[in-house]
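*Asks:* Could you build the full structure based on these sequences and the hints that come with them?
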Amino acid sequence: MPRYFFHLAGDIPAHDVLGHDCADDKDAKDHGSFIAHRIGTEKPEMVRDGNFISVRDVGDRELFRIPLASTSV
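Numbering (this note's numbering), first residue to last: 361 to 433.
No lab work stands behind these hints, which were simulated from the structure alone.
Virtual Cβ for every residue (Gly too), placed ideally from N, Cα, C.
Certain hints may be false.
Stated by the list, open to error - Label pairs and their computed distance ranges (CB to CB): (1) 401 with 369: 26 to 32 Å; (2) 409 with 361: 31 to 37 Å; (3) 362 with 410: 23 to 29 Å; (4) 362 with 403: 25 to 31 Å.
*Replies:* As structure tokens, this is what we get:
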């Protein structure tokens with residue numbers, strides 16, 4: 361399975377140094393959306409323009425940018 365990396369970009373950047381095995385690019389995008397939603401829900405103050413998850417392949421090529429999102433209650 362290919363390995364993908366899910367970096368937090370924006371106000372407080374954080375690099376994913378371990379990565380995560382995903383079946384394919386779609387699976388990686390889904391996993392990135394899960395991370396973006398989880399961060400946005402747990403830290404709603406992070407949901408703003410410029411904060412996103414950068415999904416990258418092992419060659420460090422950016423495949424997707426997924427904005428942080430939260431669930432409104």
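*Asks:* Using the beta carbons of residue 362 and residue 410, state whether their distance is inside 23 to 29 Å or not.
*Replies:* Taking Cβ atoms as reference, residue 362 and residue 410 lie about 28 Å apart, which means the hint holds.
*Asks:* Does the beta carbon distance between residue 362 and residue 403 stay inside 25 to 31 Å, or does it fall outside?
*Replies:* At roughly 29 Å between Cβ atoms, residue 403 and residue 362 fall inside 25 to 31 Å, so the hint holds.
*Asks:* Does the hinted range 26 to 32 Å hold for residue 401 and residue 369 at CB?
*Replies:* The hinted range 26 to 32 Å is violated for residue 401 and residue 369, with Cβ atoms some 18 Å apart.
*Asks:* Falls inside 31 to 37 Å, the C-beta gap from residue 409 to residue 361?
*Replies:* holds (33 Å)
Violated hints amount to a single one, hint 1; each of the other numbered hints is respected by the structure.
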